[in-house]
Amino acid sequence: MTDKITNWTGADDAMVENAIRRGASRRELLKMLLAGGAAVAAGSMVLGRATQAVAATPVSGGNFKAAGWSSSTADTLDPAKASLSTDYVRCCSLYNRLTFLDKEGVTQMELAESFDSKDAKTWTVKLRKGVTFHDGKDLTADDVIFSLKRHLDKSVGSKVAKIAAQMTGFKALDKSTVEITLADPNADLPTILSLHHFLIVADGTTDFSKGNGTGAFVLETFEPGVRSVVTKNKNYWKSGKPYLDSFEFIAISDDSARVNALLSGDINLAAAINPRAMKLIAGQQGFELSKTTSGNYTDLNIRLDMDPGSKADFVAGMKYLVNREQIVKSALRGLGEIGNDQPVSPANIFHNADLKPKAFDPDKAKFHFQKAGLLGQSIPVVASDAATSSIDMAVIIQAAGADIGMKLDVQRVPSDGYWDNYWLKAPVHFGNINPRPTPDILFSLLYASNAPWNESQYKSEKFDKLLVEARGSLDQAKRKEIYGVMQTMVSEEAGTIIPAYISNVDALSSKVKGLEPNPLGGMMGYAMAEYLWLEA
Amino acid sequence: MTMVRAASSRRSFLGHSYNLVGVAASLVILAWTLIAIFAPYIVPHPIGNIVDDDYFGPMRQGLWLGSDYLGRDMLSRVLMGARYTVGISLAAVSIACFSGVVLGMTAAVTGGWLDTCLSRFLDAMTSIPSKLFGLVVVAAVGSSIPVLILTLAVIYIPGAYRFTRALAVNINTMDFMTVARVRGESTVYLIGSEILPNIIRPVLADFGLRFVFIVLLLSGLSFLGLGLQPPLADWGALVRENIGGLPFAAPAVIVPSLAIASLTISINLLIDNLPQKIRDRNA
Amino acid sequence: MTNLVEVRNLRIEATTDAGRLVEIIKGVSLDIADGEIVALIGESGSGKTTVALSLMGYARPGCRITGGEINVGGKDMAALSEKERARSRGTDIAYVPQSAAAAFNPSSTIMEQTIEVTRIHDLMPPEQARKRAVELFRALSLPDPEGIGARYPHQVSGGQLQRLAAAMALISDPKLVIFDEPTTALDVTTQIDVLKAFKSVMRAGGIAGVYVSHDLAVVAQIADRIVVLKGGEVQETGTTAAILSAAKNPYTRELLAAFEPKPRQTQADGDSGPKPLLRIDNLTAGYGPVKPDGQPVIRAVDSVSLVVEKGRNLGVIGESGCGKSTLARAIAGIHPAAAGDIIFDGKQLERAVAKRTRDQLREMQIVFQYADTALNPAKSVEDIVSRPLVFYHRLDRQARSKRVDQLLDMVRLPRALRYRRPSELSGGQKQRVNFARALAADPKLIICDEITSALDTVVAAAVIELLKELQRELGLSYIFISHDLSVVEAICDQIMVMYNGERVEQITPDKVKAPTHPYSKLLFSSVPKLDPTWLDGLVRDPELVNQYGHR
Amino acid sequence: MKSGVFNLVLKRLAVAAVTLLIVLFAVFFATSMLPGDTASMLLGQAATPEAVAGLREAMHLNDPAILRFLRWLLGLLHGDLGTSYANDMPVAALIGGRLLNTVKLAGITTLLSVPLALTLGITAAMLRGSLYDRTVTILSIGVISVPEFMVATLAVLVFAVYLKWLPALSSVNEAHSLADLVRIYAMPVITLIFVISAQMIRMTRAAVIETLSTPYVEMALLKGASRSRMVFRHALPNALGPIVNAVALSLSYLVGGVIIVETIFNYPGIAKLMVDAVATRDLPLIQSCAMIFCLGYLFLITAADIVAIMSNPRLR
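Chains as they are written, first to last, in the numbering used here: chain A, 1 to 536; chain B, 1 to 283; chain C, 1 to 551; chain D, 1 to 316.
No lab work stands behind these hints: they were computed from the structure.
There could be a bad hint or two in this list.
With a Cα cut of at most 27 Å, we get these calculated DSSO-like pairs of lysine-lysine [claimed, not checked]:
1. Lys103(A) with Lys238(A)
2. Lys149(A) with Lys210(A)
3. Lys529(C) with Lys468(C)
4. Lys238(A) with Lys126(A)
5. Lys511(A) with Lys164(D)
6. Lys129(A) with Lys232(A)
7. Lys291(C) with Lys11(D)
8. Lys513(A) with Lys164(D)
9. Lys371(A) with Lys459(A)
Keep in mind that this is a model prediction, so the values were computed, not measured.
All chains, please: the whole structure from these sequences, using the hints.
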């Protein structure tokens with residue numbers, strides 16, 4: 001589910017591993033791979049994995065420095081407000097969640113010992129004992145209730161207020177047992193609570209600048225928009241962890257500067273590198289790449305309630321006009337998987353693999369545009385750096401349109417203010433959706449008739465009914481079936497074109513060990529700090 | 001006066017003397033101007049089309065300047081880039097210099113509160129960093145060619161104003177200005193017919209220099225994500241979007257850089273070596 | 001080697017802005033004996049300064065010494081290396097510049113600059129140099145010789161700076177001093193002081209000198225011998241007395257002729273009794289903030305009244321700073337008066353230009369001293385002269401062209417000159433264009449503000465002749481503002497003497513020999529005469545000098 | 001004389017205060033034109049109308065912007081820069097360290113670039129027309145024609161990635177010794193020297209050439225002064241006015257114009273802070289940064305004016 005590299009097989013892996021054992025240089029290997037037809041990206045990817053096959057046991061010590069891609073004065077250590085990878089990474093090093101997703105996408109317990117429910121409506125959560133906050137306080141049910149309840153308070157400005165709204169009742173059954181009541185049954189609650197915003201903070205906290213959590217690291221320095229330094233929590237409840245003495249996180253917004261900082265040895269890990277920099281990293285000794293295909297995607301949204309999206313033929317035409325292969329090949333440089341216009345990625349266990357993506361067919365597209373009477377008209381398409389790769393995708397679609405006489409007017413707008421001003425609003429625009437752990441979250445947020453982020457204003461009663469049905473069911477097989485149907489509906493009926501699931505590539509020094517892909521995103525779903533160690 | 005012999009590296013043509021550096025520089029500028037005008041007719045590929053499976057491809061037959069980060073033809077993009085770099089910068093510098101020169105001369109001629117207010121206000125404008133100004137404008141009204149031109153122009157008006165005002169203040173003290181005033185001439189005549197012809201040379205030199213700054217600021221703004229709508233790109237944007245090719249010495253990043261350098265250096269050299277009208281006929 | 005300076009067949013080339021090389025000094029030879037003062041005289045462009053500077057082995061940027069010998073004190077300055085030349089500059093040969101105001105570094109004290117030569121050449125310890133400088137200040141009769149050195153150049157008057165420049169030159173006991181028109185920019189009363197000071201110091205030290213000037217009368221006072229230059233060639237050489245009395249060269253004679261008193265023809269007025277064209281009553285003008293009583297803080301013109309009659313000329317004379325130019329500007333409305341009435345052609349005029357009617361402006365024209373700045377260098381003569389034709393008379397293209405021809409004829413300029421720019425004209429030609437522009441308006445009155453002061457004597461005399469002719473033809477009136485008595489005398493019917501913003505006296509030219517006011521007496525007696533003994537024989541009332549010779 | 005200087009300085013300060021006020025108002029109106037506010041910016045994708053309203057309420061953003069601006073101005077009079085909307089920290093605390101960084105970077109760049117530019121400009125003027133002069137002139141043009149981010153990226157590639165002599169990032173926190181300081185500042189400073197020196201070189205050269213043609217320099221030559229004496233004793237003191245003016249204008253770039261260098265070297269200065277502030281519509285922070293830029297500019301220009309006045313006895 002992760003590390004899926006199209007046109008690359010296990011046999012190739014074995015060949016590369018053999019080659020390494022024979023003592024081939026990286027450059028030779030690279031040549032070999034290129035001759036084999038694989039994109040360079042994929043090539044160096046495999047190299048990283050192959051060398052890791054001869055991994056060692058964790059060692060303690062060392063100072064780890066990593067760089068993300070964005071930070072500002074709005075950086076926060078309040079999990080509810082956390083908005084970007086930078087905040088997630090910092091918060092994950094300071095706090096713990098009740099549950100988390102492992103690399104297979106399976107929900108595991110963290111601060112919770114167990115989640116139990118008979119009807120998927122009332123949930124009993126048993127908490128782990130002997131867990132203390134950095135300030136010495138013991139973790140209790142009150143802390144958990146406080147942490148979850150805050151999201152319902154409008155003045156907190158929680159990013160998951162909408163998702164949290166289904167939790168209607170909280171009760172401390174005893175010091176370490178919490179009862180959570182939902183408005184409607186939802187079998188996914190344990191998975192929902194693995195979202196980064198549901199990190200557990202101490203009861204009554206108002207000032208989050210101290211970062212007082214139960215996490216693997218204790219806050220030393222935090223300068224919003226500049227950097228954070230955390231040091232090993234000697235009393236961490238997970239035995240043996242963390243391995244690192246300290247962890248510093250900064251953000252370098254310039255793509256090439258981030259890679260250069262890694263190559264010059266200033267940092268140990270550069271998150272989310274530009275695929276085009278892989279050639280450069282592959283040419284240097286002592287660096288590796290870690291790829292995660294987690295379900296992040298950039299989609300082209302055509303609002304069905306406005307012109308030109310109200311003409312079904314325009315939407316149909318656009319779906320044929322999008323050259324998915326070229327987008328993956330040229331815009332993403334192979335670091336992505338072709339998408340089939342629905343949000344549940346192959347990284348998710350509920351992914352419907354039978355649903356095939358529409359093939360690029362300009363003739364069919366032209367036919368539909370002609371039918372819609374839009375050929376020759378200029379249609380604005382809003383793209384922004386805020387939505388990853390959207391500008392490149394827009395240009396590719398635009399060029400395809402130009403060939404058949406469909407004029408698409410790409411409007412690049414500033415990323416600053418994009419979500420507020422253009423996303424969901426412009427008739428044809430790009431969006432970018434971060435990975436979510438369950439189809440239920442994705443569908444309720446993005447496709448239900450009352451979804452807050454209904455990108456194409458898709459409305460279907462049948463869909464809404466199916467959503468409730470799947471949510472309340474504890475039968476895994478049945479859910480998979482229902483979600484399969486819903487994926488087909490979205491793919492066929494909604495105005496969201498999801499050309500590809502974008503892979504995230506982190507580049508790191510070969511000395512950094514223990515990094516594994518995670519379905520929640522790069523840097524091990526942003527929680528890498530407590531799992532990594534530095535080889536001497 | 002007796003003609004002894006011709007000296008120095010300057011030559012003369014049509015009553016003007018010029019030197020070879022100036023000629024070479026103007027040829028480069030002329031070449032880019034022609035390219036800017038005829039680019040749409042000579043580009044081998046549409047600038048948005050991906051023609052190469054590889055990215056940062058090397059120079060080779062068919063793709064004479066290699067390919068860019070998406071695999072588009074660099075030659076086409078550089079040729080079209082000339083159009084936007086030269087066009088936008090020229091438009092912006094024209095607006096900036098025209099407004100600055102007119103305001104500067106008016107302030108110098110009129111004096112008094114108008115002069116004081118204009119000077120204070122434009123001075124205040126200068127203190128706002130240009131890139132931040134650009135950032136705010138684009139955040140407020142979005143990025144399009146007219147917005148870009150106006151933003152660049154507004155950024156450079158105070159400089160042109162200051163420069164012109166300083167020159168015009170000197171001219172304004174001349175007796176011929178007094179003569180014209182005593183004749184009863186209007187302000188428009190004073191600035192247009194009396195002052196302007198006397199400062200036109202330094203103003204043109206300033207125009208050229210400002211043009212260079214605008215070309216560079218344009219590239220700086222593209223770094224901050226402001227600029228033309230894709231797939232169009234000026235040279236600065238080309239350098240920026242292909243900067244990832246720098247480690248590989250990709251032509252995609254080298255060529256537009258050279259284009260910027262060739263244009264700006266030529267303009268400066270031309271300014272330093274403008275042809276001079278020969279005016280030493282025997283008196 | 002008998003002479004201190006022997007120049008043989010000197011040739012100097014200059015590069016024009018088109019890159020052509022032009023010979024500007026064509027084989028000049030001259031000698032200067034020890035202790036002798038030789039004057040180089042000629043019009044501007046004759047090469048007199050170039051020759052003088054070449055004695056220091058120096059040619060201005062763009063110029064090059066191409067041939068000949070320049071022997072000064074046994075060294076050939078033309079053949080020396082730049083380092084060796086620098087060694088004799090300031091020590092053996094010193095230079096007193098034309099405009100001391102420009103030749104002093106504005107950001108350094110006078111003392112520092114006076115003794116700089118001794119520092120450069122390590123002639124004496126600074127303490128000693130300072131003492132010597134104070135002695136020189138005293139010898140050059142500078143006020144406050146002890147304290148003046150601590151001042152900056154802008155805090156000292158022009159006449160004093162000129163003497164300080166001499167002190168700067170003399171501090172190293174040079175064998176030869178080059179004076180480059182050192183008194184041209186000074187008022188006559190000041191000029192006398194400076195000349196006297198120079199002469200006595202040179203004589204006392206037995207120093208040889210080169211005195212560059214275009215003014216024969218001044219030269220006559222100080223030089224032993226005169227060399228007349230024109231077009232880069234020596235026209236005539238002789239002792240001062242010989243040149244003044246028996247000049248052979250036609251150009252020299254022309255120079256001398258400019259000094260002869262011209263016959264004055266008074267206006268034959270057919271009309272009965274003169275009618276006033278312009279009347280000024282109690283005019284006050286000044287600078288600085290206005291006081292509550294409406295008067296400016298600094299009064300440059302203080303309650304001046306005057307009358308100009310139709311077809312008659314009024315001369316206003318006085319030294320720099322007396323307010324005569326402000327008076328002209330106040331009348332023209334450029335510098336609005338603070339109080340007083342201006343009645344022109346029977347009508348009261350507004351004080352400010354902006355409020356006068358176009359016709360009023362047309363009828364009163366003003367011509368400025370510096371034709372260089374009064375003519376827009378970016379325009380052709382035709383454009384300049386035809387602007388008033390368009391502006392006041394709305395003439396069409398053809399009529400305009402015809403009128404320009406007429407006007408150029410009137411001011412005796414070749415018609416072909418219409419396409420030239422001012423920078424391509426000589427000083428006299430520029431002033432004629434300047435005048436043609438004023439005439440183009442068809443004025444009744446022309447205010448001439450020092451229009452001849454920037455011109456060489458011969459050229460100035462010709463311009464005055466022209467003015468007279470035009471007056472005869474067109475019945476104009478002039479207000480003639482000048483510091484030069486001989487010019488005013490030559491053209492005016494009435495002469496008003498101004499001092500310190502006030503009118504001190506008004507007399508007719510025939511009474512110039514006998515003014516009544518003491519200041520007029522001092523002023524008129526200070527004008528140099530073409531008589532070598534004039535300066536030595538001049539006796540001035542010390543009290544008068546104390547009271548009025550303030551500069 | 002002394003009181004004259006004092007008066008002039010006082011007048012300059014008054015003018016500076018007016019300019020500052022104009023800038024603050026201009027910035028305020030510009031920022032009020034920006035779409036969105038802090039609440040919607042912070043919520044980003046999660047900015048549903050209810051969520052925005054709730055957060056806006058909680059952040060006290062419901063007062064009219066002009067009122068909040070005037071309140072901020074009032075606070076400024078008491079030396080209070082206000083509290084950041086985005087993260088509730090005092091603006092002074094946010095700016096403090098970063099301003100120091102900006103000042104450090106600007107200071108080091110100034111210390112190196114000004115002498116370098118002056119030396120090149122003066123020597124080029126002294127040897128006007130020589131090969132050296134032509135080389136300096138063309139190089140200085142060449143240098144300004146390379147985009148800043150190109151210089152910076154190239155420098156990183158060469159010195160950090162390939163040669164590994166210098167760090168790619170300028171982590172100010174790691175400066176423990178002079179050697180560290182040199183390593184950390186080397187590249188951003190070199191980049192900035194590239195950016196700002198050319199103009200200073202050109203202006204210095206022009207100003208010196210102009211004064212070299214004055215009669216008092218000719219007079220010095222006729223006194224037998226050496227070339228260097230003419231330049232340093234006579235030409236330079238009088239060319240100082242235009243030179244310091246050009247230097248001040250170039251240096252003013254170092255206060256707010258270094259956003260690209262700050263981005264590429266990840267240097268925490270205030271230019272980036274201002275960009276962040278604009279992105280989050282953080283009014284007090286925007287205003288405070290704008291004020292600092294304006295003050296920096298005014299300080300430089302006023303200092304240049306005062307130097308020009310002090311160097312010119314006629315104005316003293």
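Hints, one by one, checked against the model:
1. Restraint check for Lys103(A) and Lys238(A): satisfied, since their Cα atoms lie roughly 18 Å apart, inside the 27 Å limit.
2. For the suggested pair Lys149(A) and Lys210(A), the alpha carbons sit about 20 Å apart, so the restraint of at most 27 Å is met.
3. Only pairs whose Cα atoms come within 27 Å are accepted, and Lys529(C) paired with Lys468(C) is accepted, the gap being roughly 24 Å.
4. Proposed proximity of Lys238(A) and Lys126(A) is supported: the alpha carbons are some 17 Å apart, at most 27 Å.
5. Simply put, Lys511(A) and Lys164(D) have alpha-carbon atoms about 18 Å apart, close enough for the 27 Å limit, and the pair holds.
6. Restraint check for Lys129(A) and Lys232(A): satisfied, since their Cα atoms lie roughly 21 Å apart, inside the 27 Å limit.
7. At most 27 Å may separate the alpha-carbon atoms for a hinted pair to count; Lys291(C) and Lys11(D) meet this at roughly 22 Å.
8. Taking the CA atoms of Lys513(A) and Lys164(D), the gap is near 23 Å; set against the 27 Å cutoff, the hint holds.
9. For a cut-off of 27 Å, the pair hint linking Lys371(A) to Lys459(A) stands: about 24 Å separates their Cα positions.
No hint from the list above goes unmet by this structure.
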